[in-house]
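The hints should help you fit chain U onto chain P, whose structure is shown.
Top line first, the protein sequences correspond to chains P and U.
Each residue of the first sequence is one higher than the one before, counting from 2 in my numbering.
Each residue of the second sequence is one higher than the one before, counting from 367 in my numbering.
Don't take every hint at face value.
Unchecked claim - In the SDA-like style, the derived pairs of lysine to any residue whose C-alpha atoms are separated by at most 25 Å in a straight line are: (1) K167(P) <-> T421(U); (2) K128(P) <-> N211(P); (3) K167(P) <-> M370(U); (4) K415(U) <-> F437(U).
Stated by the list, open to error - Some, not all, of what chain U presents toward chain P, calculated at C-beta under 7 Å: (5) E451; (6) L455; (7) P477.
Hint data in this document are derived by calculation from the structure and do not stem from the laboratory.
Computed from a predicted structure; not experimentally measured.
In this text, a Cβ means the ideal position worked out from N, Cα and C, and glycines have one as well.
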Amino acid sequence: MMQAASGAVAATRALEGLMRNDRGRLMAALIARLGNFQLAEEALQDAMLSAVGHWGRNGVPAAPLGWLLQTAYRKAIDRLRQSKSEGRKVDALRLLTAETREDDANDIPDERLRLIFTCCHPALEPKSQVALTLRTICGLSTHDIAAVFLDAEPTMGQRLSRARAKITAAGIPYSVPEPQDWAERLQAVLAVIYLVFTSGYAGTAENRKNLAAEAIFLARLLDSLRPADPEIEGCLALLLITHARHDAREDHTGAAVPLPAQDRSRWDRALIAEGLGLLDRAMNRRLPGPYQIKAAIAACHIGENGSDWPQIVLLYDSLLRFEPTPVVRLHRAVALAEAGRPDTALALIMPLQAELGAYQPFHAALAELLARSGRKAEALAAYERAIALATNEADIGFLKARAQAVRE
Amino acid sequence: MQYMLLIYADPQREPKYGTPEHEAMMSSYFAANRQMKADGVLVAGEALKSIDTATSLRLNRGKVETMDGPFAETREHLGGYYVIEVPDLDAALRYAALIPTAAYGTVEVRPLMTFNPAGN
Numbered sequence: 002m003m004q005a006a007s008g009a010v011a012a013t014r015a016l017e018g019l020m021r022n023d024r025g026r027l028m029a030a031l032i033a034r035l036g037n038f039q040l041a042e043e044a045l046q047d048a049m050l051s052a053v054g055h056w057g058r059n060g061v062p063a064a065p066l067g068w069l070l071q072t073a074y075r076k077a078i079d080r081l082r083q084s085k086s087e088g089r090k091v092d093a094l095r096l097l098t099a100e101t102r103e104d105d106a107n108d109i110p111d112e113r114l115r116l117i118f119t120c121c122h123p124a125l126e127p128k129s130q131v132a133l134t135l136r137t138i139c140g141l142s143t144h145d146i147a148a149v150f151l152d153a154e155p156t157m158g159q160r161l162s163r164a165r166a167k168i169t170a171a172g173i174p175y176s177v178p179e180p181q182d183w184a185e186r187l188q189a190v191l192a193v194i195y196l197v198f199t200s201g202y203a204g205t206a207e208n209r210k211n212l213a214a215e216a217i218f219l220a221r222l223l224d225s226l227r228p229a230d231p232e233i234e235g236c237l238a239l240l241l242i243t244h245a246r247h248d249a250r251e252d253h254t255g256a257a258v259p260l261p262a263q264d265r266s267r268w269d270r271a272l273i274a275e276g277l278g279l280l281d282r283a284m285n286r287r288l289p290g291p292y293q294i295k296a297a298i299a300a301c302h303i304g305e306n307g308s309d310w311p312q313i314v315l316l317y318d319s320l321l322r323f324e325p326t327p328v329v330r331l332h333r334a335v336a337l338a339e340a341g342r343p344d345t346a347l348a349l350i351m352p353l354q355a356e357l358g359a360y361q362p363f364h365a366a367l368a369e370l371l372a373r374s375g376r377k378a379e380a381l382a383a384y385e386r387a388i389a390l391a392t393n394e395a396d397i398g399f400l401k402a403r404a405q406a407v408r409e
Numbered sequence: 367m368q369y370m371l372l373i374y375a376d377p378q379r380e381p382k383y384g385t386p387e388h389e390a391m392m393s394s395y396f397a398a399n400r401q402m403k404a405d406g407v408l409v410a411g412e413a414l415k416s417i418d419t420a421t422s423l424r425l426n427r428g429k430v431e432t433m434d435g436p437f438a439e440t441r442e443h444l445g446g447y448y449v450i451e452v453p454d455l456d457a458a459l460r461y462a463a464l465i466p467t468a469a470y471g472t473v474e475v476r477p478l479m480t481f482n483p484a485g486n
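The shape of chain U in the complex, shown without the other chains:
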């Protein structure tokens, strides 16, 4: 099964760039990446730029409405994701636990429907 690991974090609680905590977090991310690649489960994964760069869009009776910022007014924002291919939820949860943001944010584990609109 394919799962998306959606990484949510509160920017206020995230380690600041340049601090030793930030460095530790990055090396944990590299270690997680290496592990997922070595185990052959990594399908895709990216970090997202900060929510200041987000633009949300809705169609209201066919008319495009564009808004600054993310759609949901929550403290935790989507900051990145992985897509992994593993046999079951237990395996997916084990990889999710490798993501360092889980220590101060939330990792949501969702199975993909896998109808592959990109056709690749």
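So that you can see chain P by itself, here it is in the shape it has in the complex:
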């Protein structure tokens, strides 16, 4: 009795470890064989349930990944056979007669590059791309993903199901894009990774650190699956350099600490060195792109003498050629103000109101520039709007302190 219970515990532990590290790999291999996202998801759930029983009784097999893959494959065929639809029964026959590969070894082929591009396909809603990537590649639970977006768990579950169903029904290919589509589709993937990274900043400190880690995991995975791509290297560099300052971004009360006031001894030197090394390698490939530029901007902020604003302005000029968006214009104007041209900056920021009226950093930047040029009343009104739009306590605390300083 005791033995059975401890066997089940050991099996559950082994399974949890596998799901954390290898769920993406398993899903990728399973989808490649089944050609159906939803079926793969269901079959893997079945296989895990089956593993708890079998492994609990007989011990964890020597090649647990191969065991799970084989079992999930058989479960998928069972599901297809039990289906009332003739089409699905035909699918089952096709799978049964297909060449059966032996997966006893743990070296199942890594199909995750295809899976990443499928999850981040632009035919899916951006939010669904992020959710599907976190669920499928990173192995986060639906519960945790719902928490990231402050959604109810069933709502997130439905979103994931809809996305998987669309992949099959709309014929979204399970493949690495053709060369002519590569650059554009890679930007979509990197956008998802960056969104995972920044999503954390809206939530709690715990949440933030976890999501930053997931984003770095994804960027590292992409870099290992497709080495020597300068934009992938640039994206990873950007994440590492930004994340290196994580611990110094808030003081002990949880209020945001602006960069010049941050305690540099709390920056992670190893992450910074790795990020800068990656950025150098990327730039030597002479194929500039938005993520390399953003990483270069992040690097310009952490120099020994503080932020190199004139250089940052030039980098934003380059970034505007790739991303002519109002947000990039806003950042460029802020850099211009810091580089000693606050009046020009204010004149450039004002007209962005129409497009960025609901964007908290716009009102914060506007307030700052108005305060510096002595327009106190307008500055306070802008701080009020920024505070009303802020979503986390650290930002609210920082903005309130700034507004108070202007009042005095």
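Here is chain U on its own, set in the frame of chain P:
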């Protein structure tokens, strides 16, 4: 897979007949047609006459109700379609991008259920 490419456009924004812009649009359509035929993906395709010619019909408790004009009160109207046979959505999107109306309207890409009621 078969996809229908539904071409929606706002008549106000479309190039007017007889202008150089209209001519450029038509030659882009001819080029798209040629490409789809040459690649062997074109199943069908037609342009529709203007929405002034549209008649909509509903059955209300078995009684036919006929209305002038298109069903939906939107600014963009269905102006034509293609049906293409391609391996996947990426291929379908590449052909959809050849349709010149995409520059000032919308091309909706929808997979067909292909149960072929016409039986051909």
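We went through each hint and held it up to the structure:
{"no.": "1", "hint": "K167(P) <-> T421(U)", "result": "violated (32 Å)"}
{"no.": "2", "hint": "K128(P) <-> N211(P)", "result": "holds (18 Å)"}
{"no.": "3", "hint": "K167(P) <-> M370(U)", "result": "holds (16 Å)"}
{"no.": "4", "hint": "K415(U) <-> F437(U)", "result": "holds (15 Å)"}
{"no.": "5", "hint": "E451", "result": "violated (11 Å)"}
{"no.": "6", "hint": "L455", "result": "holds (5 Å)"}
{"no.": "7", "hint": "P477", "result": "holds (6 Å)"}
In summary, the structure is inconsistent with hints 1, 5 from the numbered list given earlier, while agreeing with the others.
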